[in-house]
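Here the structure of chain A is known, so what remains is to put chain B in place on it, guided by the hints.
There are 2 protein chains.
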Amino acid sequence: MSSLIPETFSDLLSREKKAFAFLALVKTDGSPQVTPIWFDYDGTYFNFNTARGRLKDRLLHRHPRVAFVIQDPQNPYRYMQISGRVVGETEEGAVEQICDLCEKYHGHRNYPLRPGETRVTYRVVPERIQTMG
Amino acid sequence: MSSLIPETFSDLLSREKKAFAFLALVKTDGSPQVTPIWFDYDGTYFNFNTARGRLKDRLLHRHPRVAFVIQDPQNPYRYMQISGRVVGETEEGAVEQICDLCEKYHGHRNYPLRPGETRVTYRVVPERIQTMG
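Protein chains in written order, with numbering that gives the first Met the number 0: chain A, 0 to 132; chain B, 0 to 132.
It is worth saying that the hints were derived from the structure and are not from the lab. Don't take each hint at face value.
The list treats identical chains as interchangeable, and a pair is accepted whether it falls inside one copy or across any two copies.
Each computed SDA-like pair below joins lysine to any residue, with the alpha-carbon atoms no more than 25 Å apart [claimed, not checked]:
hint, residue 1, residue 2
1, K103, H62
2, K55, D41
3, K26, H105
4, K16, H107
5, K26, L3
6, K26, T117
7, K26, R77
8, K26, D10
9, K55, D71
10, K26, H107
Chain A on its own, in the form it takes in the complex:
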């Protein structure tokens, strides 16, 4: 699946770029929701992290079809629109992953976990990519 990402846009997925994903989900009432979110890309999957019970967790769990935009922070006219599907969710390693994301975006691993919260990683496979710019 990594071949879906055009080489000329792969920099948007790098840790150095620190780009956000604008993740669109569909709520149970059929209306959309969109939120900026950290991500990592492992060459095959996009991995998102949230906490159990939050709206994002509930929507990703129920409605596996997602779409997101990753925009170049240095050039708003250069971006990828990606649609994909949740193919896995796991609590295993999810605290490690949010600390890893914290390191990517903030340069340190001390992510402020809330007492009692359970982190979860959602794995998304990209199915369609359009580029602009």
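Same frame as chain A, but now just chain B:
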């Protein structure tokens, strides 16, 4: 409705900020779509502009519930999440409006209209706003 926008975030809507809206729509098959788009805000309504027949046009026409994020281009951790509803669409003045948006974002009014395309303005009323940052 203008009172929905917190005064401390109203700068994100200014012409000077040139912020994009990340507009989430729901496709006919129930999956989401998200795209960066120009907007203007007139104190009551958010106005978006597209061309007749494009996917955005078809989705805005059929599914009036929308959501969008407006993020501070200078600080990705500062943003508004807005959900709302399409309350009007018109071709009248839509060419003027896209030229006005072009002036906001590019500093000139020479928007490159395609031969034969019909522009349309969608008016969205914000119903719920959450802020971050």
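Against the structure, the hints come out as follows:
1. Within a single copy, K103 and H62 get their C-alpha atoms no closer than 28 Å, and across copies no closer than 37 Å, so neither meets the 25 Å cut-off.
2. For a Cα distance limit of 25 Å, the shortest separation of K55 from D41 inside one copy, 21 Å, qualifies, whereas the shortest one across copies, 31 Å, does not.
3. Taking the shortest alpha-carbon separations for K26 and H105, neither the intra-copy value of 30 Å nor the inter-copy value of 35 Å comes in at or below 25 Å.
4. Proximity of K16 and H107 under a CA criterion of 25 Å is satisfied intra-copy only: 16 Å inside one chain copy versus 30 Å between copies.
5. For the homomeric pair K26 and L3, the shortest alpha-carbon distance between copies (22 Å) is at most 25 Å, but the shortest distance inside one copy (27 Å) is not.
6. Proximity of K26 to T117 under the C-alpha cut-off of 25 Å is restricted to the intra-copy arrangement: shortest distance 22 Å within a copy versus 32 Å between copies.
7. With identical chains, the CA atoms of K26 and R77 are at most 25 Å apart between copies only, with a shortest distance of 23 Å across copies and 28 Å within one.
8. Taking CA atoms no more than 25 Å apart as the test, K26 paired with D10 passes in neither setting, with 31 Å inside one copy and 29 Å between copies.
9. Both within a single protomer and between protomers do K55 and D71 lie at most 25 Å apart by alpha-carbon distance, with minima of 24 Å and 22 Å respectively.
10. Taking the shortest Cα distances, K26 and H107 never come within 25 Å of each other, neither inside one copy (33 Å) nor across copies (39 Å).
Hints 1, 3, 8 and 10, counting from the list given before, are not met by this structure.
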